[in-house]
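Novice: Listed here are the chains, written in short residue letters.
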Amino acid sequence: MKMKTLTTLALTSALVAGSAAADLVIPDLSYRTGPYAAGGTPFSDGYQDYFNLLNARDGGIGGETVRVVECETGYNTERGVECYESTKGEGALIYQPLSTGITYQLIPKTTADEIPLHTMGYGRTSAAAGEVFPWVFNYPANYWDAASVMVNYLLEQNDGSLEGKNIALLFHNSAYGKEPIRTLEELAEEHGFTFTQIAVDHPGQEQKSQWLQIRRERPDYVLMWGWGVMNQVAIQEAANVGFPMENFIGNWWAGAEHDVTPAGAASDGYLSLNMNRIDTSLPVFGQIDSMVHEAGNAAGDGSNIGSVLYTRGMYAAMLAAEAIAKAQEIHGVADVTPAMVRDGMEALEITNARMEELGMAQIGPEFSVSCENHGGSGLGIVQQWNAADAEWVALTDYISPQDALIDGLIAEDSTAFAAENNITPGCL
Amino acid sequence: MPADFYYGIEVVLNGLMAGVMYALVALGFVLIFKASGIFNFAQGVMALFAALTLVGIMEGQVPFAHLINATFGTEIHHFGWHVPALLAILLTVGVMVIFAWAVQRFLFRHLVGQEPIILFMATIGLAYFLEGVGDLMWGSNIKTLALGLPQGGARWIEDATAGLGGDDFYGFFIDKLDLVATLVAIVLVAGLIAFSQYTKHGRAMRAVADDHQAALSVGISLNFIWILVWSLAGFVALVAGVMWGAKSGVQFSLSLIALKALPVLMLGGFTSIPGAIVGGLIIGVGEKLFEFLVGPMVGGATENWFAYVLALLFLVFRPQGLFGEKIIERV
Chain A
21 MKMKTLTTLA LTSALVAGSA AADLVIPDLS YRTGPYAAGG TPFSDGYQDY FNLLNARDGG
81 IGGETVRVVE CETGYNTERG VECYESTKGE GALIYQPLST GITYQLIPKT TADEIPLHTM
141 GYGRTSAAAG EVFPWVFNYP ANYWDAASVM VNYLLEQNDG SLEGKNIALL FHNSAYGKEP
201 IRTLEELAEE HGFTFTQIAV DHPGQEQKSQ WLQIRRERPD YVLMWGWGVM NQVAIQEAAN
261 VGFPMENFIG NWWAGAEHDV TPAGAASDGY LSLNMNRIDT SLPVFGQIDS MVHEAGNAAG
321 DGSNIGSVLY TRGMYAAMLA AEAIAKAQEI HGVADVTPAM VRDGMEALEI TNARMEELGM
381 AQIGPEFSVS CENHGGSGLG IVQQWNAADA EWVALTDYIS PQDALIDGLI AEDSTAFAAE
441 NNITPGCL
Chain B
34 MPADFYYGIE VVLNGLMAGV MYALVALGFV LIFKASGIFN FAQGVMALFA ALTLVGIMEG
94 QVPFAHLINA TFGTEIHHFG WHVPALLAIL LTVGVMVIFA WAVQRFLFRH LVGQEPIILF
154 MATIGLAYFL EGVGDLMWGS NIKTLALGLP QGGARWIEDA TAGLGGDDFY GFFIDKLDLV
214 ATLVAIVLVA GLIAFSQYTK HGRAMRAVAD DHQAALSVGI SLNFIWILVW SLAGFVALVA
274 GVMWGAKSGV QFSLSLIALK ALPVLMLGGF TSIPGAIVGG LIIGVGEKLF EFLVGPMVGG
334 ATENWFAYVL ALLFLVFRPQ GLFGEKIIER V
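Residue numbers (the numbering used here), protein chains in the order written: chain A, 21 to 448; chain B, 34 to 364.
Any given hint might turn out to be false.
Taking lysine to aspartate or glutamate and the DMTMM-like style, the derived pairs with C-alpha atoms no more than 25 Å apart in a straight line are [to be verified]:
1) 108(A) - 363(A)
2) 185(A) - 201(B)
3) 129(A) - 288(A)
4) 185(A) - 37(B)
5) 198(A) - 240(A)
6) 185(A) - 243(B)
7) 209(B) - 288(A)
8) 233(B) - 243(B)
9) 209(B) - 266(A)
10) 108(A) - 43(A)
11) 209(B) - 205(A)
To be clear, the hints were calculated from the coordinates, so they are not data collected in a lab.
Start from the sequences, fold in the hints, and give me the full structure.
Specialist: So, in structure tokens, the structure goes:
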């Protein structure tokens, strides 16, 4: 009996001490192992390092320390859901699962549990309709924006006309890969280009058939929706068949350093989208290096700092931190709840002045969120790989998508979802 | 002849080359299954581990650096030297031999006499264990394999055949890496056959494959033969890992190449080296032709589906595969 009482006391003290020491709980559903680790690791490093920087530099957010709870999903949907279930009880404020498959499973769960879900540039595109998906946010841009930005870039390159051109989409044969098809079909009709769909089986290690087809049909441009090994193999195969790299554009999940380096010099000139800028001279990187990495509190070994996906993870963390700060401002308390964070996300406004203040001037576009629009501005830049210098170079400023078309598609899809699920659209 | 006819031939040629790549993976499965009756689920991970080890040794990477640094607060990553490719290959083969010994000593020695399903389950555990060890030893980042293997289309073949089917035919595309893989596969199979036919240990290996107990009764050490077979499978895994890793970089999805070997094994038989080759060629040509002819009508991405449906048909009508041994159980 005495032993049992002591154990209970010890456990209670540990729990109380734990919650008092770290009030803002941010789960990191990462994947540092398995076939997709090369993409998951830098993102997670950037995500965690930014929160560690806030703790070291600012004492957390609004005076409350941030506690990151990492859970390994291996990019596996079932394990991602297990991670959600095992971490939500710790007082999780926001989830960013970095997986479209996990996102689809978490949308009904987070909605029922009233915890906000942020799927930055992935997940269910029509979740941008905040009146139907009040707990899901996908700012600053989504897949349909990406498809439209690509076409707008190509319009710029072709004096405003794509009439008679042939544009192929090389896509991972999954829900993720098929996301831009509807948008591109609409854009093909509007701009008069031929749209060819070329599917690649998971995981994409063998793409000979697809690239022989591209070699036969000679499309003017190839757009790519890939992830993991599919990207590296596609870029190598494009080089093998002699497809011009400057006519090959990947989306923002097909444009990191590890996507191009295996093909070596042959990948020079490959294009991809990005939703944020890559600039290692930003003051925030110096702060992370000195206050997090050198202090021994970095999530990784420091080798990823400044890379494409590290920067995106850091940017995602900054957006989460700003939403939490906004929630603290709205509700006048530092120790916010998930519902308060949702309010902060819905009232979020990212300005150039604020980004500069944070030491990451113009890292992303300016945008604001509202109850009706959880998707942000939808802007994207086109970047090009310079193999000799091993760096991505921004070719363009932020390009806008065709808002009228994208908004119409989002309204159509979200209305259908609301009807299927007996949801009455409205603001919370 | 119209251009489409020649493009069809191009698809067949590339299917044959892809089939060789599949067969390279399937060979490792066959070696172990033939000698010990174990379906080695870890063969794909062995290819990954061997390729990771090769790159790690070549680049002078410190194994378990992350673990060492986290434990002792150090910052070591590289020894500061680069090992020549040939020496690195030899050292990697040495690592795979040690791995084979460890598998026998610490795993299968304790499972002698167990049901095949238990042994299969053990290899699933081995696959996860090895993947974790590979991650700890060499890290999870994508590595470039700098063996100087040729990449890209063989231009002289393209130039020599361009225009055969009119202006719309651009010549046959044949990947130089696939040509190298074909040569390597021929040498590998010839070497394996010569080893098993003309050497003492090869004959002992065949004796064990035919009848364990009879082999034991004439003084053949089962333990040694199984280490030998797992070492050979490790070497074959290294070759497969190098060839596939040259296409995509050495990364953890390499372990998934085993998925490509399964239909090859079902078709060619689990116990035949020529079966693995012929099975690979049939699957390679079949899936590529199906994608070329039928793919556009059904939305594409038919290759995995076709390979497994073909394998399923064989399972129904010829369960032992084309070259497998017919199972006769006497009661």
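Novice: A separate judgement is required for each hint: does it hold in the structure or not?
Specialist: Hints versus structure:
1. 108(A) - 363(A): 19 Å, holds
2. 185(A) - 201(B): 18 Å, holds
3. 129(A) - 288(A): 43 Å, violated
4. 185(A) - 37(B): 22 Å, holds
5. 198(A) - 240(A): Answer holds: residue 198(A) to residue 240(A) is near 21 Å, not above 25 Å.
6. 185(A) - 243(B): 63 Å, violated
7. 209(B) - 288(A): Answer holds: residue 209(B) to residue 288(A) is near 20 Å, not above 25 Å.
8. 233(B) - 243(B): 15 Å, holds
9. 209(B) - 266(A): With Cα atoms ~24 Å apart, residue 209(B) and residue 266(A) stay inside 25 Å; holds.
10. 108(A) - 43(A): With Cα atoms ~14 Å apart, residue 108(A) and residue 43(A) stay inside 25 Å; holds.
11. 209(B) - 205(A): 36 Å, violated
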